[in-house]
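**Student:** As you go down the protein sequences, you meet chains R and G in turn.
Sequence positions in the first sequence follow this note's numbering and run 35 to 177.
Sequence positions in the second sequence follow this note's numbering and run 74 to 334.
Keep in mind that the hints were calculated from the coordinates and are not lab data.
Take the hints with a grain of salt, since some may be wrong.
To be verified - Looking from chain G toward chain R, a few residues come up when the C-beta cut is under 10 Å (computed): (1) THR90; (2) THR98; (3) LEU130; (4) ARG220; (5) PRO303; (6) PRO307; (7) ASP310.
Stated by the list, open to error - If you only want the chain R side, here are some residues facing chain G, beta carbon under 10 Å, derived: (8) CYS41; (9) ASP58; (10) SER61; (11) ALA64; (12) GLY66; (13) ALA68; (14) GLY69; (15) GLU70; (16) GLU77; (17) ALA81; (18) GLU94; (19) ALA97; (20) THR141; (21) SER142; (22) THR169; (23) VAL175.
Unchecked claim - Just so you have them, the derived chain R footprint on chain G, three or more residues with Cβ under 8 Å: (24) 106-115; (25) 133-142; (26) 145-154; (27) 245-255.
Backbone N, C-alpha and C define an ideal beta-carbon position, used for all residues, glycine too.
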Amino acid sequence: MPGIDECLLEAMALPGARGAALVDWSSGLALGTAGESPVGDHETTAAETAELARAAAEYESFAQPAPAAPPAAPGPAGSTGGPAGLPVEDLIVTTRTGYHVLRFVETSFDSSVFLHLWLDRAEGNLALARLRLRTLAEGLVLR
Amino acid sequence: MTSVPVPGLAAVSPLLTRLAAERATGALLRDRGTLFLEDGRIVHAESPSTPGLDVLLTTGGGLAPERWNEALSEAGATRQVARFLVDSGGLAGGEMEICHLAAIFDAAFFALSPGSGPSRFRRGATHWIGSMRSVPAAAVERETRRRRELLDAVWPYPQLDTAPVVPRPAAPGQIVTARQRALLARADGVRTPADLAWVLGRPAFHTLLDVRRLAAAGLVETPHTRPAPPPAAPLPDWMTQAQSPDVALLRRLRDALEASL
């Protein structure tokens, strides 16, 4: 039953990990941070990555509503709200010197959070990081 | 967006800064909310302006209200409600932390708002929710300041925060996102942003911010404060001062009226 700190520490254990954060994309607040920030200030990075995540999470081209969701009909899987999961799973930004992976976290209540992991381009393993972040995001909400 | 110290904004609450420095434990009470401190760090906050943890957790159906009530009756007396919810499997540990932090920063934004009145500190007071994660008081103050600036950077009309939200039709081809649609569908022209936060089960600050974004996009009416009525120019004395009635004229009028009867 890992909390935010354990989750970020595990993300930082990935090869090439330089910084990690759990961010609320609606407000731009960093709920937790570990390691360093590309600009030396986690709060600035949180506000900037939040803007990117918000665009991806909200624009219809990416965030298409789940097909099997007739409006106002109480779905059979009532307890989890969106049985199909979030429309956008993650975002990857490749820069000259690194990778940024933003993984959305689905909670049982109305929230807007994602995990941000910053990796060194030479040492980081993007495929591994993507899989690991998925597990970590699921672990945060595992009962 | 860096935290350059701005004169006049340095201390959101001097008392909070002092309490954090002396690592105090207790409740800081202000007009618009209460901050709970433990060893100088903030462990909980609540405000009448924001939906509480119960609303945030149960509105979407993620947590049954019965489970919340059970946690209250089982662990309220020992002040371990949050811990009980997690240990009993009602909620994941990470979810509880995410939601609790959201609630703390949300309530602190209103509790520390300017004009929240004088502060009182009740030493030793704790909250029944119990402590999950603590946040440095300085981080809460910094975030509160950032949030104020963010609201004004999006659309500098503070009247939007308290006025009923009135939707406007989208322009042809204008994009309205799913979250915005959810908010607009409940904006009936009577509910204020705070009311919408309760109905949606979202933090109040998030709703304020969404409403400002909607207003900036022209999807919500921006209430304009009526311009203050221009100070009534004093009328000159010769207009206002009652003049002595023309007695002779009145008498002639009366005579004429009587003559015509």
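**Student:** The structure should be examined with respect to each hint, and the outcome stated for every one.
**Tutor:** A quick look at each hint next to the structure:
{"no.": "1", "hint": "THR90", "verdict": "violated (19 Å)"}
{"no.": "2", "hint": "THR98", "verdict": "violated (22 Å)"}
{"no.": "3", "hint": "LEU130", "verdict": "holds (5 Å)"}
{"no.": "4", "hint": "ARG220", "verdict": "holds (7 Å)"}
{"no.": "5", "hint": "PRO303", "verdict": "violated (40 Å)"}
{"no.": "6", "hint": "PRO307", "verdict": "violated (51 Å)"}
{"no.": "7", "hint": "ASP310", "verdict": "violated (60 Å)"}
{"no.": "8", "hint": "CYS41", "verdict": "holds (6 Å)"}
{"no.": "9", "hint": "ASP58", "verdict": "holds (7 Å)"}
{"no.": "10", "hint": "SER61", "verdict": "holds (6 Å)"}
{"no.": "11", "hint": "ALA64", "verdict": "holds (9 Å)"}
{"no.": "12", "hint": "GLY66", "verdict": "holds (8 Å)"}
{"no.": "13", "hint": "ALA68", "verdict": "violated (14 Å)"}
{"no.": "14", "hint": "GLY69", "verdict": "violated (17 Å)"}
{"no.": "15", "hint": "GLU70", "verdict": "violated (16 Å)"}
{"no.": "16", "hint": "GLU77", "verdict": "holds (7 Å)"}
{"no.": "17", "hint": "ALA81", "verdict": "holds (6 Å)"}
{"no.": "18", "hint": "GLU94", "verdict": "holds (7 Å)"}
{"no.": "19", "hint": "ALA97", "verdict": "holds (7 Å)"}
{"no.": "20", "hint": "THR141", "verdict": "holds (5 Å)"}
{"no.": "21", "hint": "SER142", "verdict": "holds (3 Å)"}
{"no.": "22", "hint": "THR169", "verdict": "violated (13 Å)"}
{"no.": "23", "hint": "VAL175", "verdict": "holds (5 Å)"}
{"no.": "24", "hint": "106-115", "verdict": "violated (count 0)"}
{"no.": "25", "hint": "133-142", "verdict": "holds (count 4)"}
{"no.": "26", "hint": "145-154", "verdict": "violated (count 0)"}
{"no.": "27", "hint": "245-255", "verdict": "holds (count 5)"}
In terms of the numbered hints stated before, the structure departs from hints 1, 2, 5, 6, 7, 13, 14, 15, 22, 24 and 26, listed from lowest to highest.
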